[in-house]
Amino acid sequence: MDVALALHAAARSHTGPRPDNQDSGLVSPALVAVADGVGGNVGGAVASGLVVSWLAPLGAGLLADEPDGGMARLVSAANERIRTAVTHRPRLEGMATTLCAVGVQGDSAVLAHIGDSRAYRWRAPELVQLTRDHTLVQALMDAGSITAEEALVHPQRSAVYAALHGGTDDVEGLEVLAVDVRPGDRLLVCSDGLSGALPAQVIAELLAVAENADQAAATLLGAALAAPASDNVTVVVADVLDDMVDGRPATRYRTVGAASGARDETVEVLEALWPGPATGAFRPVAASSD
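Under my numbering, think of the first position of the sequence shown as 26, with each following residue one higher.
Any given hint might turn out to be false.
[Said to hold, decoys possible] Estimated spans, in silico, between C-beta atoms of each pair:
1. Gln-226 to Asp-27: 31 to 39 Å
2. Gln-226 to Ser-170: 22 to 30 Å
3. Glu-230 to Thr-172: 35 to 43 Å
4. Asp-27 to Pro-150: 34 to 42 Å
5. Glu-91 to Ala-173: 21 to 29 Å
6. Val-153 to Pro-44: 16 to 24 Å
Since the hints were derived computationally from the structure, they do not count as laboratory data.
Predicted, not measured: the structure shown is a model, and the values here were computed from it.
Positions of the beta carbon are idealized from the N, C-alpha and C atoms, including for glycine.
Throw the hints in and build the complete structure from the sequences for me.
In structure tokens:
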């Protein structure tokens with residue numbers, strides 16, 4: 026029997042100790058994503074909201090007629106929207122965002138990644154990090170200049186060298202690749218507010234014991250805030266289903282964080298520069314799937 030993958034996902038987002046939430050998260054039947062704004066002030070929130078919302082059409086399924094499911098093309102288009110937003114509102118100059126997204130179509134899964142937001146796959150008994158951070162400290166670790174322990178306290182541990190900020194060459198840093206995903210897997214996509222607060226062993230333990238995606242997302246968020254987290258924290262957990270045999274419904278569209286419209290200017294920019302149908306569809310805020 027053919028496999029038709031679907032996602033049953035839940036999301037949580039919290040400002041943590043910061044005054045504003047510049048993270049955005051998306052759950053849908055076939056796509057989960059997290060973007061972490063890095064522009065400071067409202068700019069980061071607008072950037073992350075634009076990118077996550079622009080990926081919304083893939084929530085119904087990756088495009089079968091494109092090798093990467095249309096992921097790279099839509100991310101490139103989202104990056105152009107950041108450039109357009111800056112043109113119309115110069116005070117947003119310098120805004121940028123990371124992106125980590127996993128989408129499914131049929132029996133295939135595709136991951137898009139730029140920056141330091143991460144994707145993990147829990148397949149008992151192993152947690153696998155599917156992404157590699159585009160950060161200075163990761164580059165130093167790869168070169169053998171610092172250890173993993175030194176990276177945790179490095180003064181520039183949050184500095185990313187690749188992100189979406191509207192530049193014409195931004196997408197050169199984007200990684201789009203096929204990933205091994207099967208029914209029964211549990212996926213985690215998160216901002217660095219989570220991965221920077223919790224060691225991999227704790228993440229694995231919490232993913233393993235949670236009864237469902239919603240419980241996993243809530244527990245991970247709570248653990249990160251208690252650590253305590255030093256940044257906004259956004260968590261998306263998705264249980265991978267075989268849509269042809271599993272009885273659980275796939276997730277409905279939900280957004281959390283900046284993409285939910287919590288910041289007025291984020292919504293204004295979305296509606297002014299992108300008046301398509303998805304803007305209204307993604308205004309409601311819900312922290313978990315049904």
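Outcome of the hint check:
Between Gln-226 and Asp-27 the beta carbons are some 36 Å apart, a value that agrees with the proposed interval 31 to 39 Å. At roughly 25 Å, the beta-carbon separation of Gln-226 and Ser-170 lies within the given 22 to 30 Å, and the hint holds. Remark: the range hint 35 to 43 Å for Glu-230 to Thr-172 is contradicted by a beta-carbon distance near 24 Å. The hint said 34 to 42 Å for the Cβ distance between Asp-27 and Pro-150, and at roughly 28 Å that hint is violated.
Range check, Glu-91 to Ala-173: Cβ separation about 37 Å, and the 21 to 29 Å hint is violated. Between Val-153 and Pro-44 the CB atoms are about 35 Å apart, so this pair departs from the stated range of 16 to 24 Å.
Hints 3, 4, 5 and 6 from the earlier list are contradicted by this structure; the remaining hints agree with it.
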